[in-house]
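A.B. asks: Taken in sequence, the protein lines are chains P and F.
Anchor point for the first sequence: position 238 equals 238 in my numbering, and the numbering is continuous, going up by one each time.
Anchor point for the second sequence: position 65 equals 65 in my numbering, and the numbering is continuous, going up by one each time.
Hints are supplied without guarantee of correctness; some may be wrong.
Cut-off 20 Å, straight-line C-alpha distance, at most; resulting in silico cross-link-like pairs (SDA-like, lysine to any residue) [said to hold, decoys possible]:
hint: 1; chain 1: P; residue 1: Lys134; chain 2: F; residue 2: Lys117
hint: 2; chain 1: P; residue 1: Lys171; chain 2: P; residue 2: Asn155
hint: 3; chain 1: F; residue 1: Lys11; chain 2: P; residue 2: Ala239
hint: 4; chain 1: P; residue 1: Lys212; chain 2: F; residue 2: Ala149
hint: 5; chain 1: F; residue 1: Lys24; chain 2: F; residue 2: Glu5
hint: 6; chain 1: P; residue 1: Lys131; chain 2: F; residue 2: Glu153
hint: 7; chain 1: P; residue 1: Lys248; chain 2: F; residue 2: Thr96
hint: 8; chain 1: F; residue 1: Lys140; chain 2: P; residue 2: Gly130
hint: 9; chain 1: F; residue 1: Lys11; chain 2: P; residue 2: Gln129
hint: 10; chain 1: P; residue 1: Lys24; chain 2: F; residue 2: Ser119
hint: 11; chain 1: F; residue 1: Lys117; chain 2: P; residue 2: Leu72
hint: 12; chain 1: P; residue 1: Lys10; chain 2: P; residue 2: His37
hint: 13; chain 1: P; residue 1: Lys34; chain 2: F; residue 2: Ser119
hint: 14; chain 1: P; residue 1: Lys131; chain 2: F; residue 2: Glu125
hint: 15; chain 1: F; residue 1: Lys140; chain 2: P; residue 2: Gln129
hint: 16; chain 1: F; residue 1: Lys110; chain 2: F; residue 2: Met145
hint: 17; chain 1: P; residue 1: Lys131; chain 2: F; residue 2: Gln156
hint: 18; chain 1: P; residue 1: Lys131; chain 2: F; residue 2: Tyr154
hint: 19; chain 1: P; residue 1: Lys134; chain 2: F; residue 2: Asp155
hint: 20; chain 1: P; residue 1: Lys171; chain 2: P; residue 2: Gln146
hint: 21; chain 1: P; residue 1: Lys118; chain 2: P; residue 2: Asn155
hint: 22; chain 1: P; residue 1: Lys131; chain 2: F; residue 2: Pro151
hint: 23; chain 1: F; residue 1: Lys117; chain 2: P; residue 2: Ile30
hint: 24; chain 1: P; residue 1: Lys134; chain 2: F; residue 2: Ser116
hint: 25; chain 1: P; residue 1: Lys212; chain 2: F; residue 2: Pro151
hint: 26; chain 1: P; residue 1: Lys200; chain 2: P; residue 2: Asp111
hint: 27; chain 1: P; residue 1: Lys117; chain 2: P; residue 2: Lys160
hint: 28; chain 1: P; residue 1: Lys134; chain 2: F; residue 2: Val111
Using C-beta positions, here's what the derived DEER-type ranges look like [unchecked claim]:
hint: 29; chain 1: F; residue 1: Lys22; chain 2: P; residue 2: Ile231; range: 20 to 28 Å
hint: 30; chain 1: F; residue 1: Lys117; chain 2: P; residue 2: Thr163; range: 48 to 56 Å
hint: 31; chain 1: P; residue 1: Thr47; chain 2: F; residue 2: Gln31; range: 54 to 62 Å
hint: 32; chain 1: F; residue 1: Glu162; chain 2: P; residue 2: Ser31; range: 23 to 31 Å
hint: 33; chain 1: F; residue 1: Pro106; chain 2: P; residue 2: Leu165; range: 44 to 52 Å
hint: 34; chain 1: P; residue 1: His37; chain 2: F; residue 2: Gly102; range: 26 to 34 Å
Here are some chain F residues the structure puts well away from chain P; computed CB gaps all over 12 Å [unchecked claim]:
hint: 35; residue: Asp25
hint: 36; residue: Phe28
hint: 37; residue: Arg33
If you are wondering where the hints come from, they were derived from the structure by calculation, not from laboratory data.
Using N, Cα and C, we set each Cβ at its ideal position, and we do this for glycine too.
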Amino acid sequence: MQPCSKIIDKDYIFYFESIDSTNKFILDYISKNKPNHPIVAYTDYQTEGKGQIGRYWESETSKNLLMSLHFLPEKLLPENQFNLSMYTALIVATVLKSIMQTEVKIKWPNDIYIGDKKIAGILIQNVLQGKCIKNSVIGIGLNVNQTTFSDFIPNPTSMKLITNLTFEISKILDEICDLFFKNINSIYEYKSLKYNYISKIYSFREWKKYQKGEVVFEGMIIDIEPSGRLILELKNGLAESYNFQEIKLVFN
Amino acid sequence: MNYKEITELIKLINRTDLAEFKMKDKDFEIQIRTKKYHKEESYQAPMVAPISAPVIAPTPTIIEAPKTAAKVETSEAPAAKSSANLLEIKSPIVGTFYRASGPDKPPFVKVGDEVSKGSAVCIIEAMKLFNEIESEVSGKIVKIMVEDATPVEYDQVLFLVEP
Numbered sequence: 001m002q003p004c005s006k007i008i009d010k011d012y013i014f015y016f017e018s019i020d021s022t023n024k025f026i027l028d029y030i031s032k033n034k035p036n037h038p039i040v041a042y043t044d045y046q047t048e049g050k051g052q053i054g055r056y057w058e059s060e061t062s063k064n065l066l067m068s069l070h071f072l073p074e075k076l077l078p079e080n081q082f083n084l085s086m087y088t089a090l091i092v093a094t095v096l097k098s099i100m101q102t103e104v105k106i107k108w109p110n111d112i113y114i115g116d117k118k119i120a121g122i123l124i125q126n127v128l129q130g131k132c133i134k135n136s137v138i139g140i141g142l143n144v145n146q147t148t149f150s151d152f153i154p155n156p157t158s159m160k161l162i163t164n165l166t167f168e169i170s171k172i173l174d175e176i177c178d179l180f181f182k183n184i185n186s187i188y189e190y191k192s193l194k195y196n197y198i199s200k201i202y203s204f205r206e207w208k209k210y211q212k213g214e215v216v217f218e219g220m221i222i223d224i225e226p227s228g229r230l231i232l233e234l235k236n237g238l239a240e241s242y243n244f245q246e247i248k249l250v251f252n
Numbered sequence: 001m002n003y004k005e006i007t008e009l010i011k012l013i014n015r016t017d018l019a020e021f022k023m024k025d026k027d028f029e030i031q032i033r034t035k036k037y038h039k040e041e042s043y044q045a046p047m048v049a050p051i052s053a054p055v056i057a058p059t060p061t062i063i064e065a066p067k068t069a070a071k072v073e074t075s076e077a078p079a080a081k082s083s084a085n086l087l088e089i090k091s092p093i094v095g096t097f098y099r100a101s102g103p104d105k106p107p108f109v110k111v112g113d114e115v116s117k118g119s120a121v122c123i124i125e126a127m128k129l130f131n132e133i134e135s136e137v138s139g140k141i142v143k144i145m146v147e148d149a150t151p152v153e154y155d156q157v158l159f160l161v162e163p
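Please model the complete structure; the sequences and the hints are all you need to start from.
C.D. replies: Rendered as structure tokens:
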């Protein structure tokens with residue numbers, strides 16, 4: 001059975017042996033076809049896998065899960081869009097935990113960590129018109145069976161590196177898709193999302209070194225603002241909030 | 001209250017929806033008014049509208065009279081203010097404004113380009129979420145109000161469009 005077909009009409013499940021980027025495919029597809037139903041796309045290999053603006057996601061052919069989910073958030077206001085980030089990270093973390101039976105953490109804002117290493121990344125692209133999120137495209141890259149990574153990728157790991165087992169990628173795709181769409185109304189539930197998100201935050205309430213520009217300082221994550229800004233307690237007793245990319249965690 | 005506490009207070013208020021904040025403690029008194037305060041004031045003046053009007057106002061609004069505009073957008077270039085009947089494309093969120101989808105990609109729009117309802121005009125990144133902003137209006141881009149890769153505020157004018 002084709003992955004995701006329990007949830008998504010098979011006409012809207014797109015598989016590619018190779019493609020530039022599954023997120024880009026869906027964005028192009030929705031701009032041409034204006035679908036009013038969810039779409040899933042997945043591939044064995046991406047030639048232009050996307051990370052943040054100007055960054056790339058690297059993956060060996062057929063070794064990892066490379067997927068994008070599309071849906072129409074309808075009532076979600078643009079200012080509440082961090083809910084999508086928390087929700088997706090929680091779905092990926094939950095699926096991984098159930099398969100691997102190990103603790104899975106979310107490194108703010110939405111990288112998935114096992115131990116001190118990154119196992120999955122999430123890239124969300126929305127289409128906004130006025131005060132309405134018309135479309136949301138959620139790209140997920142999960143390292144499954146790949147065991148060697150380029151030197152320039154910071155602290156990667158994979159399911160196989162951790163367990164020594166080989167996993168069936170389509171089964172993981174199916175589980176993520178299933179859980180994602182079954183619980184989709186949770187994206188409107190800020191309080192419970194935040195409660196669950198906070199409980200899985202990497203380095204929560206631990207003193208760590210952070211870097212802002214050239215300055216390195218100690219801080220402890222104590223909370224997250226609704227917009228997603230990170231609130232750190234500082235050694236002088238004050239709390240300060242930070243934007244994404246304004247600070248980064250320093251690994252020892 | 002000392003200087004540091006006041007700074008903290010201002011920061012905190014800026015992150016809320018508050019228009020005005022007053023506090024009195026014995027002989028100490030402080031009053032802080034935000035951009036929102038001035039916006040609501042000037043929006044309400046010309047219209048007989050309920051208080052909720054600015055909140056539900058659609059994103060593109062016609063610049064009404066130059067006087068009103070001057071009060072709302074102090075940072076706006078004087079040339080733009082004088083041209084009446086221009087439509088605005090505003091930012092629906094707080095974030096970082098990008099004119100293209102990547103450093104090596106062409107910008108979505110340039111001055112002089114025609115846009116129609118649904119055309120992508122920019123990307124606003126907020127907390128690693130990338131938002132492609134579609135125009136709600138049709139017309140010609142006459143001014144781009146924000147520099148590439150700089151921060152934008154909620155409701156800040158991004159583009160002026162001649163219908």
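A.B. asks: Each hint needs a verdict: does it hold in this structure or not?
C.D. replies: Do the hints match the structure? See the list:
At roughly 13 Å between alpha-carbon atoms, lysine 134(P) and lysine 117(F) fall within 20 Å of each other, so this suggested pair holds. Of the pairs offered as hints, the one joining lysine 171(P) and asparagine 155(P) is violated, with about 26 Å between alpha carbons and a cut-off of 20 Å exceeded. A C-alpha spacing of about 12 Å is found between lysine 11(F) and alanine 239(P), which places the hinted pair at or below 20 Å, so the restraint holds. Straight-line distance between C-alpha atoms of lysine 212(P) and alanine 149(F) comes to about 18 Å, which keeps the hinted pair within the 20 Å bound.
Our distance criterion of 20 Å between C-alpha atoms is met by lysine 24(F) and glutamate 5(F), whose separation comes to about 15 Å. For the suggested pair lysine 131(P) and glutamate 153(F), the alpha carbons sit about 14 Å apart, so the restraint of at most 20 Å is met. Distance hint between lysine 248(P) and threonine 96(F) is fulfilled; the C-alpha atoms sit about 18 Å from each other, no more than 20 Å. With a C-alpha separation of about 18 Å, the suggested pair lysine 140(F) and glycine 130(P) falls inside the 20 Å cut-off, and the hint holds.
A C-alpha spacing of about 29 Å is found between lysine 11(F) and glutamine 129(P), which places the hinted pair above 20 Å, so the restraint is violated. For a cut-off of 20 Å, the pair hint linking lysine 24(P) to serine 119(F) stands: about 16 Å separates their Cα positions. Annotation: proposed proximity of lysine 117(F) to leucine 72(P) holds, straight-line Cα distance about 19 Å (limit 20 Å). This hinted pair checks out: lysine 10(P) and histidine 37(P) have alpha carbons roughly 12 Å apart, not beyond 20 Å.
In summary, the hint linking lysine 34(P) to serine 119(F) is supported, as the alpha carbons are separated by about 13 Å, within the 20 Å threshold. With a C-alpha separation of about 15 Å, the suggested pair lysine 131(P) and glutamate 125(F) falls inside the 20 Å cut-off, and the hint holds. Taking the CA atoms of lysine 140(F) and glutamine 129(P), the gap is near 18 Å; set against the 20 Å cutoff, the hint holds. As the CA atoms of lysine 110(F) and methionine 145(F) are separated by approximately 12 Å, the hinted pair is consistent with the 20 Å bound.
Restraint check for lysine 131(P) and glutamine 156(F): satisfied, since their Cα atoms lie roughly 13 Å apart, inside the 20 Å limit. This hinted pair checks out: lysine 131(P) and tyrosine 154(F) have alpha carbons roughly 11 Å apart, not beyond 20 Å. Taking the CA atoms of lysine 134(P) and aspartate 155(F), the gap is near 18 Å; set against the 20 Å cutoff, the hint holds. Proximity of lysine 171(P) to glutamine 146(P) is assessed by CA-CA distance (about 16 Å); at most 20 Å being required, the pair is judged to hold.
Only pairs whose Cα atoms come within 20 Å are accepted, and lysine 118(P) paired with asparagine 155(P) is accepted, the gap being roughly 6 Å. Between lysine 131(P) and proline 151(F) the CA atoms are separated by roughly 19 Å; this keeps the pair inside 20 Å, and the hint holds. A threshold of 20 Å between alpha carbons decides the hint, and for lysine 117(F) with isoleucine 30(P) the separation of about 15 Å falls inside it, so the pair holds. Proposed proximity of lysine 134(P) and serine 116(F) is supported: the alpha carbons are some 16 Å apart, at most 20 Å.
Simply put, lysine 212(P) and proline 151(F) have alpha-carbon atoms about 17 Å apart, close enough for the 20 Å limit, and the pair holds. Straight-line distance between C-alpha atoms of lysine 200(P) and aspartate 111(P) comes to about 11 Å, which keeps the hinted pair within the 20 Å bound. With a C-alpha separation of about 13 Å, the suggested pairing of lysine 117(P) with lysine 160(P) holds against the 20 Å cut-off. The hinted pair formed by lysine 134(P) and valine 111(F) fails the criterion: a straight-line CA distance of about 26 Å is larger than 20 Å.
Taking the beta carbon of each, lysine 22(F) and isoleucine 231(P) are about 26 Å apart, inside 20 to 28 Å as hinted. Take lysine 117(F) and threonine 163(P): their Cβ atoms lie about 51 Å apart, and the range 48 to 56 Å holds. Separated by about 58 Å at the C-beta atoms, threonine 47(P) and glutamine 31(F) satisfy the suggested range of 54 to 62 Å. A hinted range of 23 to 31 Å holds for the C-beta pair glutamate 162(F) and serine 31(P), which are about 25 Å apart.
Here the CB-CB span from proline 106(F) to leucine 165(P) is close to 45 Å, well matched to the stated 44 to 52 Å. A hinted range of 26 to 34 Å for the beta carbons of histidine 37(P) and glycine 102(F) is consistent with their spacing of about 29 Å. In this structure aspartate 25(F) is separated from chain P by more than 12 Å, as the shortest Cβ-Cβ distance comes to about 20 Å. With a closest Cβ-Cβ approach of about 21 Å to chain P, phenylalanine 28(F) is found to remain outside the 12 Å limit, as its non-interface label requires.
No beta-carbon of chain P is positioned within 12 Å of the beta-carbon of arginine 33(F); the least distance is around 22 Å.
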